[in-house]
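S.K.: Start from chain Y and add chains U, R and F according to the hints.
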Amino acid sequence: MKVKITAFGIAKDIVGGKHLELEVNGQELSLVRKDLISQFPDFEKLASLKFAVNTNYVDDSYQLNENDEVVLIPPVSGG
Amino acid sequence: MKVKITAFGIAKDIVGGKHLELEVNGQELSLVRKDLISQFPDFEKLASLKFAVNTNYVDDSYQLNENDEVVLIPPVSGG
Amino acid sequence: MEKIYITSDRLSSQACIDLVSDNGSGGLVVFIGNVRNKTKDKAVQYLDFESYEPMALKEMQKIADEAVSRWNLHDMVIHHRVGKVPIGEEAVIIACSSPHRKESFAACEFAIDTLKETVPIWKKEVFEDGEVWVSAHP
Amino acid sequence: MEKIYITSDRLSSQACIDLVSDNGSGGLVVFIGNVRNKTKDKAVQYLDFESYEPMALKEMQKIADEAVSRWNLHDMVIHHRVGKVPIGEEAVIIACSSPHRKESFAACEFAIDTLKETVPIWKKEVFEDGEVWVSAHP
Chain Y
1 MKVKITAFGI AKDIVGGKHL ELEVNGQELS LVRKDLISQF PDFEKLASLK
51 FAVNTNYVDD SYQLNENDEV VLIPPVSGG
Chain U
80 MKVKITAFGI AKDIVGGKHL ELEVNGQELS LVRKDLISQF PDFEKLASLK
130 FAVNTNYVDD SYQLNENDEV VLIPPVSGG
Chain R
159 MEKIYITSDR LSSQACIDLV SDNGSGGLVV FIGNVRNKTK DKAVQYLDFE
209 SYEPMALKEM QKIADEAVSR WNLHDMVIHH RVGKVPIGEE AVIIACSSPH
259 RKESFAACEF AIDTLKETVP IWKKEVFEDG EVWVSAHP
Chain F
297 MEKIYITSDR LSSQACIDLV SDNGSGGLVV FIGNVRNKTK DKAVQYLDFE
347 SYEPMALKEM QKIADEAVSR WNLHDMVIHH RVGKVPIGEE AVIIACSSPH
397 RKESFAACEF AIDTLKETVP IWKKEVFEDG EVWVSAHP
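Protein chains in written order, with the numbering used here: chain Y, 1 to 79; chain U, 80 to 158; chain R, 159 to 296; chain F, 297 to 434.
Calculated from the structure, these hints are not laboratory results. Don't take every hint at face value.
Only some residues are given here: those of chain U computed to face chain F with a beta carbon under 10 Å [what the hints assert, rightly or not]:
no. : residue
1   : Gly88
2   : Ile89
3   : Lys91
4   : Val94
5   : Gly95
6   : Lys113
7   : Pro120
8   : Lys124
9   : Ala131
10  : Asn133
11  : Thr134
12  : Tyr136
13  : Ile152
Anything over 12 Å on all C-beta distances counts as not near chain F; from chain R, calculated [stated by the list, open to error]:
no. : residue
14  : Gly184
15  : Ile245
16  : Glu289
Glycine included, each C-beta is placed from N, C-alpha and C at the ideal position.
If we strip away everything but chain Y, and leave its shape as in the complex, we get (with noise of 0.2 Å):
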């Protein structure tokens, strides 16, 4: 399935920029994670990548729906 990916801190300058798209063999959110390392190999130097569903973390047996959007929350900052 595609699956639609918004980036933001250091994801978005590793993947080059605020939107992708992915071609994914599968459901399960894991496969997103495997696909965007080994595209991205940068993504294993960070500390951590989480991801987030409207606006929720899920974890990586997370079952992406259609329109599901994907946001790749890498180490945050605040404060």
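M.R.: Same frame as chain Y, now just chains U, R and F:
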């Protein structure tokens, strides 16, 4: 010796004024405490009664000097 | 003004204090996170904050709700600035009030600690010779 | 404005914040003790504070000095109001700043805890039907 005493807070209400002179038979501050309590038994009802001389807390073994001004410090409640 | 608020304008401590003030709440604690002029002895020119705003607001609200209920606060406000923030200006202000001070201190410290762990806001330190996304790398 | 200050005028949080702000100190904590409208469910009309001023200033300065040295603060200010203070207004404001927030929280809480134990200031709660010197009796 004659001791000049200044009272604050509830101590002022107990002695009936801000200033007081006490004639004590010796130099130790403990005598002042004893005399105050016998003249004004309400001091015994306080949670504590401290003394200051020259803007410093002193304990009951303090030896009074001529012209010392003893300040009565009932329980503080700033803030 | 909103209690949970993200803005590119300058933050106001007084506005935050006014929002949590209450005649029954004697203990008010405010945390102000200002932009420092250096990090590990390297001179910083300014910070640049980016937020995933709808989620950041939601996570900030969660922190305030948890703090209010856990410490029985009267209220808590969290204001965060985004965009370029010059040295010495406020990046974040958290204020809370409760009848007694101990609860306000504990809740305010919890809130800033948690904000730094969960709220999707990112800061870039800008130096004369480059820039760094803070905390990105181990 | 003085850093250690006793006044019968209204206190200002912003003045205290400005006094401790510093470009190298990112973590600023402020405690504001406001006059509450009740004590143990009894309605308070106002508070009346009395201080033994020269000694109170000296004890407040000791607290600030100890806090600055123990937690390596940039600075601490303590402003206390005396005389009649209406409901909702500030009786005391303590502000401090340090490079990191943990120190500022600990120092600010230490300062207000210690002030309430050592500084010769007394407050009288004034009710509709009488008045009470706070903490005087066990």
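S.K.: Does Ile89 (chain U) pass the interface hint, meaning its C-beta sits closer than 10 Å to a C-beta of chain F?
M.R.: Where the cut-off is 10 Å and the nearest Cβ of chain F is about 4 Å from Ile89 (chain U), the hint holds.
S.K.: Using Cβ atoms only, decide whether Lys113 (chain U) comes closer than 10 Å to chain F, and label the hint accordingly.
M.R.: With a closest approach of 21 Å, the Lys113 (chain U) hint is violated.
S.K.: Beyond 12 Å on every Cβ pair: is that true for Glu289 (chain R) relative to chain F?
M.R.: 18 Å, holds
S.K.: Does Lys91 (chain U) pass the interface hint, meaning its C-beta sits closer than 10 Å to a C-beta of chain F?
M.R.: 8 Å, holds
S.K.: Against chain F, is Gly95 (chain U) within 10 Å by beta-carbon distance?
M.R.: With a closest approach of 15 Å, the Gly95 (chain U) hint is violated.
S.K.: Grab the minimum C-beta distance from Thr134 (chain U) to chain F and call the hint holds if it beats 10 Å, violated otherwise.
M.R.: Cβ of Thr134 (chain U) sits 4 Å from chain F, so the hint holds.
S.K.: Just to be careful: measuring from the Cβ of Lys124 (chain U) to every Cβ in chain F, is the smallest value less than 10 Å?
M.R.: 6 Å, holds
S.K.: Tell me if Ala131 (chain U) is really an interface residue toward chain F, meaning its C-beta lies closer than 10 Å to one of theirs.
M.R.: 6 Å, holds
S.K.: Please check whether the beta-carbon of Gly184 (chain R) is more than 12 Å away from every beta-carbon in chain F.
M.R.: Not fine: 4 Å to the nearest Cβ puts Gly184 (chain R) too close to chain F.
S.K.: Does the closest beta carbon of chain F sit nearer than 10 Å to the beta carbon of Gly88 (chain U)?
M.R.: Gly88 (chain U) check passes; min Cβ-Cβ to chain F is 3 Å, inside 10 Å.
S.K.: Are all C-beta atoms of chain F more than 12 Å from that of Ile245 (chain R)?
M.R.: 5 Å, violated
S.K.: Restraint: Val94 (chain U) near chain F, CB-CB cut 10 Å. Satisfied or not?
M.R.: 14 Å, violated
Of the hints listed earlier, those the structure fails to meet are numbers 4, 5, 6, 7, 14 and 15, in rising order.
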